[in-house]
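Q: Here is how the chains run, residue by residue.
2 protein chains.
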Amino acid sequence: SPAVAHSQAESLLAFLLLLVGGMFSASTPPPGPLEKIFQYIDLHQDEFVQTLKEWVAVESDSVQPAPRLRRELLHMVGLAADRLRGLGARVASVDAGFQQLPDGQTLPIPPILLAELGSDPKKPTVCFYGHLDVQPARQEDGWLTDPYTLTEVDGKLYGRGTTDNKGPVLAWINAVSAFKALDEDLPVNIKFLIEGMEEAGSLALEELVRKEKSGFFSSVDCIVISDNLWISQRKPALIYGTRGNSYFTVEVKCRDQDFHSGTFGGILNEPMADLVALLGSLVDASGHILVPGIYEHVAPVTEEEKRVYEDTDLDMEEYRNSSQVKRFLFDTKEELLMHLWRYPSLSIHGIEGAFHEPGAKTVIPGRVMGKFSIRLVPHMDMSVVETQVTQHLEYIFSKRNSSNQMTVSMALGLHPWIANVSDRQYLAAKRAIRTVFGTEPDMIRDGSTIPIAKILQDTTQKSVIMLPLGAVDDGEHSQNEKINRWNYIEGSKLFAAFFLEMAKLHSSW
Amino acid sequence: SPAVAHSQAESLLAFLLLLVGGMFSASTPPPGPLEKIFQYIDLHQDEFVQTLKEWVAVESDSVQPAPRLRRELLHMVGLAADRLRGLGARVASVDAGFQQLPDGQTLPIPPILLAELGSDPKKPTVCFYGHLDVQPARQEDGWLTDPYTLTEVDGKLYGRGTTDNKGPVLAWINAVSAFKALDEDLPVNIKFLIEGMEEAGSLALEELVRKEKSGFFSSVDCIVISDNLWISQRKPALIYGTRGNSYFTVEVKCRDQDFHSGTFGGILNEPMADLVALLGSLVDASGHILVPGIYEHVAPVTEEEKRVYEDTDLDMEEYRNSSQVKRFLFDTKEELLMHLWRYPSLSIHGIEGAFHEPGAKTVIPGRVMGKFSIRLVPHMDMSVVETQVTQHLEYIFSKRNSSNQMTVSMALGLHPWIANVSDRQYLAAKRAIRTVFGTEPDMIRDGSTIPIAKILQDTTQKSVIMLPLGAVDDGEHSQNEKINRWNYIEGSKLFAAFFLEMAKLHSSW
Numbered sequence: 001s002p003a004v005a006h007s008q009a010e011s012l013l014a015f016l017l018l019l020v021g022g023m024f025s026a027s028t029p030p031p032g033p034l035e036k037i038f039q040y041i042d043l044h045q046d047e048f049v050q051t052l053k054e055w056v057a058v059e060s061d062s063v064q065p066a067p068r069l070r071r072e073l074l075h076m077v078g079l080a081a082d083r084l085r086g087l088g089a090r091v092a093s094v095d096a097g098f099q100q101l102p103d104g105q106t107l108p109i110p111p112i113l114l115a116e117l118g119s120d121p122k123k124p125t126v127c128f129y130g131h132l133d134v135q136p137a138r139q140e141d142g143w144l145t146d147p148y149t150l151t152e153v154d155g156k157l158y159g160r161g162t163t164d165n166k167g168p169v170l171a172w173i174n175a176v177s178a179f180k181a182l183d184e185d186l187p188v189n190i191k192f193l194i195e196g197m198e199e200a201g202s203l204a205l206e207e208l209v210r211k212e213k214s215g216f217f218s219s220v221d222c223i224v225i226s227d228n229l230w231i232s233q234r235k236p237a238l239i240y241g242t243r244g245n246s247y248f249t250v251e252v253k254c255r256d257q258d259f260h261s262g263t264f265g266g267i268l269n270e271p272m273a274d275l276v277a278l279l280g281s282l283v284d285a286s287g288h289i290l291v292p293g294i295y296e297h298v299a300p301v302t303e304e305e306k307r308v309y310e311d312t313d314l315d316m317e318e319y320r321n322s323s324q325v326k327r328f329l330f331d332t333k334e335e336l337l338m339h340l341w342r343y344p345s346l347s348i349h350g351i352e353g354a355f356h357e358p359g360a361k362t363v364i365p366g367r368v369m370g371k372f373s374i375r376l377v378p379h380m381d382m383s384v385v386e387t388q389v390t391q392h393l394e395y396i397f398s399k400r401n402s403s404n405q406m407t408v409s410m411a412l413g414l415h416p417w418i419a420n421v422s423d424r425q426y427l428a429a430k431r432a433i434r435t436v437f438g439t440e441p442d443m444i445r446d447g448s449t450i451p452i453a454k455i456l457q458d459t460t461q462k463s464v465i466m467l468p469l470g471a472v473d474d475g476e477h478s479q480n481e482k483i484n485r486w487n488y489i490e491g492s493k494l495f496a497a498f499f500l501e502m503a504k505l506h507s508s509w
Numbered sequence: 001s002p003a004v005a006h007s008q009a010e011s012l013l014a015f016l017l018l019l020v021g022g023m024f025s026a027s028t029p030p031p032g033p034l035e036k037i038f039q040y041i042d043l044h045q046d047e048f049v050q051t052l053k054e055w056v057a058v059e060s061d062s063v064q065p066a067p068r069l070r071r072e073l074l075h076m077v078g079l080a081a082d083r084l085r086g087l088g089a090r091v092a093s094v095d096a097g098f099q100q101l102p103d104g105q106t107l108p109i110p111p112i113l114l115a116e117l118g119s120d121p122k123k124p125t126v127c128f129y130g131h132l133d134v135q136p137a138r139q140e141d142g143w144l145t146d147p148y149t150l151t152e153v154d155g156k157l158y159g160r161g162t163t164d165n166k167g168p169v170l171a172w173i174n175a176v177s178a179f180k181a182l183d184e185d186l187p188v189n190i191k192f193l194i195e196g197m198e199e200a201g202s203l204a205l206e207e208l209v210r211k212e213k214s215g216f217f218s219s220v221d222c223i224v225i226s227d228n229l230w231i232s233q234r235k236p237a238l239i240y241g242t243r244g245n246s247y248f249t250v251e252v253k254c255r256d257q258d259f260h261s262g263t264f265g266g267i268l269n270e271p272m273a274d275l276v277a278l279l280g281s282l283v284d285a286s287g288h289i290l291v292p293g294i295y296e297h298v299a300p301v302t303e304e305e306k307r308v309y310e311d312t313d314l315d316m317e318e319y320r321n322s323s324q325v326k327r328f329l330f331d332t333k334e335e336l337l338m339h340l341w342r343y344p345s346l347s348i349h350g351i352e353g354a355f356h357e358p359g360a361k362t363v364i365p366g367r368v369m370g371k372f373s374i375r376l377v378p379h380m381d382m383s384v385v386e387t388q389v390t391q392h393l394e395y396i397f398s399k400r401n402s403s404n405q406m407t408v409s410m411a412l413g414l415h416p417w418i419a420n421v422s423d424r425q426y427l428a429a430k431r432a433i434r435t436v437f438g439t440e441p442d443m444i445r446d447g448s449t450i451p452i453a454k455i456l457q458d459t460t461q462k463s464v465i466m467l468p469l470g471a472v473d474d475g476e477h478s479q480n481e482k483i484n485r486w487n488y489i490e491g492s493k494l495f496a497a498f499f500l501e502m503a504k505l506h507s508s509w
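Those sequence lines, one after another, are chains A and B.
Just so you know, we're using UniProt numbering here: the first sequence kicks off at 1 and counts up by one.
Just so you know, we're using UniProt numbering here: the second sequence kicks off at 1 and counts up by one.
Derived by calculation from the structure, the hints in this document are not laboratory data.
We treat Cβ as the ideally placed atom computed from N, Cα and C, and that holds for glycine.
Hints are not guaranteed to be accurate.
[Claimed, not checked] In silico DSSO-like links for lysine-lysine, alpha-carbon gap of 27 Å or less: (1) A:K399 with B:K399; (2) A:K333 with A:K235; (3) B:K211 with B:K504; (4) B:K53 with B:K235; (5) A:K399 with B:K326; (6) A:K326 with A:K53; (7) B:K454 with B:K123; (8) B:K361 with B:K235; (9) B:K399 with A:K326; (10) B:K53 with B:K253; (11) B:K123 with B:K462; (12) B:K504 with B:K122; (13) A:K180 with A:K123; (14) B:K253 with A:K326; (15) B:K399 with A:K333; (16) B:K36 with B:K213; (17) B:K36 with A:K253; (18) B:K326 with A:K253; (19) A:K156 with A:K253; (20) A:K333 with B:K253; (21) A:K326 with B:K361; (22) A:K253 with B:K333; (23) A:K454 with B:K361; (24) B:K454 with A:K399; (25) B:K211 with B:K462; (26) A:K333 with A:K306.
[To be verified] Footprint (simulated), chain B over chain A, 3 or more residues, beta carbon under 8 Å: (27) 207 to 220; (28) 270 to 277.
Bound conformation, chain A alone (with noise of 0.2 Å):
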């Protein structure tokens, strides 16, 4: 279970720090490094967002397999790779191979960039994940805007991959290149890991991971992934667990061809039927979900930890309205929030094989594929999971003597992640924030699944650190996806904090 308590030190640390600030204000001396980097990135701040609009026209969306967006998200991988050539990183830009595609065809995966600025052994090391593929946009999907042209109205600014990772990737970038502006001693030692596969399953990378784990990552102290929000319009956030996800798939299968229902309704065991039964037999209408023991090793819920579900700030009303839902299963704030982090969930995402478009077919499928997916929390494992899930699907259908055959695969595993907020980044971080934005973050945990949180995590046995930028209505993967450019902006200045405080706390701890 995390450790959240703040430490004592930590709480003096705070309160030396509020100290000092206050000191500042009032006597107004001379700037130090952190107000000189602030005021450059105030005043450069529209270079910053024409670049992040030269990303944005980059259609580097790596999800559908078509070689033109291949070439778009291979020239996306070279402009960043430039960008930190330019801020005089060593980078490498290492082969990835190929995608082999279902249908034969074969596509380059772009290259993954390696990049490292600074190797000071005094010096912390900082390594950045962050990725330059986007999920597909088109403008007809419900775009007010051109996805691939950044437009600002209201100081959001709109594009596909705003968010979503190009808008902090470069606020990590813009923050080093204010120190090597002003000629600033960078603090920290920076590494860059950047990837351009993330929406598409980050292939090749773990094979990377791995390889370099005694080599690019042998001096890491630790790892900042920025690629999700925060849970408020204004408050920043930190992030401390995601959950896993096991998807499965159950087939039943009477016979491949599809009947007509007037030739054969009435005499068969339909596949549909019992589908739908398997289907309803998962998760009961409070969400529960019914497979049994499925519960059984979801760590319980500590004292410790109920307060920080108390502490975190949620307009339940605002959430309400800004999700567009009625009402939710829960009327609190802490049990909404436990049942999104700290708890499993059951979605039913559809059917394959089924009659699905509109209109009115009297067919009967002969072949249908249902699709659900379990949502992982510590210490839920994996494959107890597929045994109980199958076993589950296997006692419901035997009960049906049904003639169909049944056939059970978890498709996808993806494990959970939980850090301990107690090491050094989330310090440096909360401190950077309160500098920043004058205030305690929402210590939170994201209810999707960044699988490359547990890779790096597991693979380097370096600790991770996730430090989002975005708001809570920036419509990652949705239409008229938008990075606030105050977010933009004051995330850039909070990479810039960031590495002050690690530095600090590495010469301290």
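Given chain A's structure and the hints, the job is docking chain B onto it.
A: Just chain B, lined up with the frame of chain A:
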């Protein structure tokens, strides 16, 4: 209830016919008109197949509302009108107006053809109903050949529409054309009622039939429909009843947009969970419909009816094999046929709005619509069924206490049909079957819905017969639809023989 006993007169006639048949083969006298017709059909069978190939090549799909397909459909109707004119028929191509689609789009309904050949008051007038439109078909759905290129393999003519209904329409035309080519007097006056919207609910047809009751239909003695299948691969059948159909949609909506299952999984009444529970409440594993009261108005089985089922030929083993079904819900021929023909059945067709593609998408669909239908039998009342289903689903939904909205709607309602088997055209058809196939037909019903039979019978007050040509394994509406060359050619002969038998009965009645 159907009267299916053979009359004594009929038995005598059958005997005489067999006797006459035996005399011909013994002494080989100069061929009579029917023998010449049969010879002609045999000799010209490749031409008839070639015409079917030309018709199959037209993608006259009326189901998918695409302008391109609608143009194909109009072209198909034009081809048929030309063909009928080629026979010497007077053809009226009746404008049928426009189809309003739910999205506001408007498509032309293909004209309905009313054609007449002969008006001799001394002859009976036989009207043939058929349709030129087809169900959608794409090779990637699992066709072994291009669905719109008629392909012959081992005497099977594969292609969309071969058996449903282009083949039978052409068989009727082939029969007429044989008389014409040989300059034989047509023993009956022939009318054609040919439409292009059968698969889309026969839009505009009923109105036209009503309008033409005392016009086109006034001189008609009987109406022949050949739009279904035998229940055997080799033994012909006559059909005296069809089931109706009530097609329902049940929509569950949380919001219009989908959700991400990571970001919202665990806190929502997910529409798919609601829908799966609703669909799962409709029918049990034994095929029994669970909607309260639904069996109340189903006609009880009479002793006489039981005998018809006992007399019907059905090789269960062959039927199971040709259907590629491991086990049916019932083990005896009688139970099986009764559940196909004279009991209602409920089939779940699919879900609109959920994830239906290959792959693993982690979506919580925001709004989903389940589709199912109930095959109706005498004396179920459609509006009673509508109320029963709606109240049942409302009850199940209310028990879930879900915050979603549910909407039930009966999208389509079609009455069942039953004929009087002692009507003249049943006798004529039986005799024609004995002549061509040397056997008694199976007296059967059809579990599927051919609303036109009920509409034509009720509106014109003329007696209707269904005289199918296709074999049980033809796969109408399915992948790899086919008609056997043998069925197509012998079916053309059957129609020719039927003309003669109708004429004989007309003069002797």
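Q: If a hint holds in the structure, say so; if it doesn't, say that too.
A: Structure-based check of all given hints:
1. A:K399 with B:K399: Given that 27 Å is the threshold and the Cα spacing comes to 24 Å, the pair holds.
2. A:K333 with A:K235: With a Cα-Cα distance of about 16 Å, the restraint between K333 of chain A and K235 of chain A holds, given a limit of 27 Å.
3. B:K211 with B:K504: violated, 31 Å
4. B:K53 with B:K235: holds, 25 Å
5. A:K399 with B:K326: Holds, at about 18 Å.
6. A:K326 with A:K53: Judged against 27 Å, a Cα distance of about 37 Å means the pair is violated.
7. B:K454 with B:K123: OK: K454 of chain B and K123 of chain B at ~26 Å, within 27 Å.
8. B:K361 with B:K235: Violated, at roughly 49 Å.
9. B:K399 with A:K326: Measuring from Cα to Cα gives roughly 18 Å; hence the hint holds.
10. B:K53 with B:K253: Roughly 46 Å between the alpha carbons, so the hint for K53 of chain B and K253 of chain B is violated.
11. B:K123 with B:K462: Measuring from Cα to Cα gives roughly 16 Å; hence the hint holds.
12. B:K504 with B:K122: Distance of about 11 Å is within 27 Å: holds.
13. A:K180 with A:K123: holds, 17 Å
14. B:K253 with A:K326: holds, 11 Å
15. B:K399 with A:K333: holds, 26 Å
16. B:K36 with B:K213: Given pair K36 of chain B, K213 of chain B is violated - Cα atoms ~36 Å apart, limit 27 Å.
17. B:K36 with A:K253: violated, 50 Å
18. B:K326 with A:K253: Given that 27 Å is the threshold and the Cα spacing comes to 11 Å, the pair holds.
19. A:K156 with A:K253: violated, 50 Å
20. A:K333 with B:K253: holds, 24 Å
21. A:K326 with B:K361: holds, 25 Å
22. A:K253 with B:K333: holds, 24 Å
23. A:K454 with B:K361: holds, 21 Å
24. B:K454 with A:K399: Given pair K454 of chain B, K399 of chain A is violated - Cα atoms ~41 Å apart, limit 27 Å.
25. B:K211 with B:K462: Holds. K211 of chain B to K462 of chain B sits at ~15 Å (cutoff 27 Å).
26. A:K333 with A:K306: holds, 11 Å
27. 207 to 220: violated (count 0)
28. 270 to 277: Holds, because 6 residues of the segment 270 to 277 of chain A bring their Cβ atoms closer than 8 Å to Cβ atoms of chain B.
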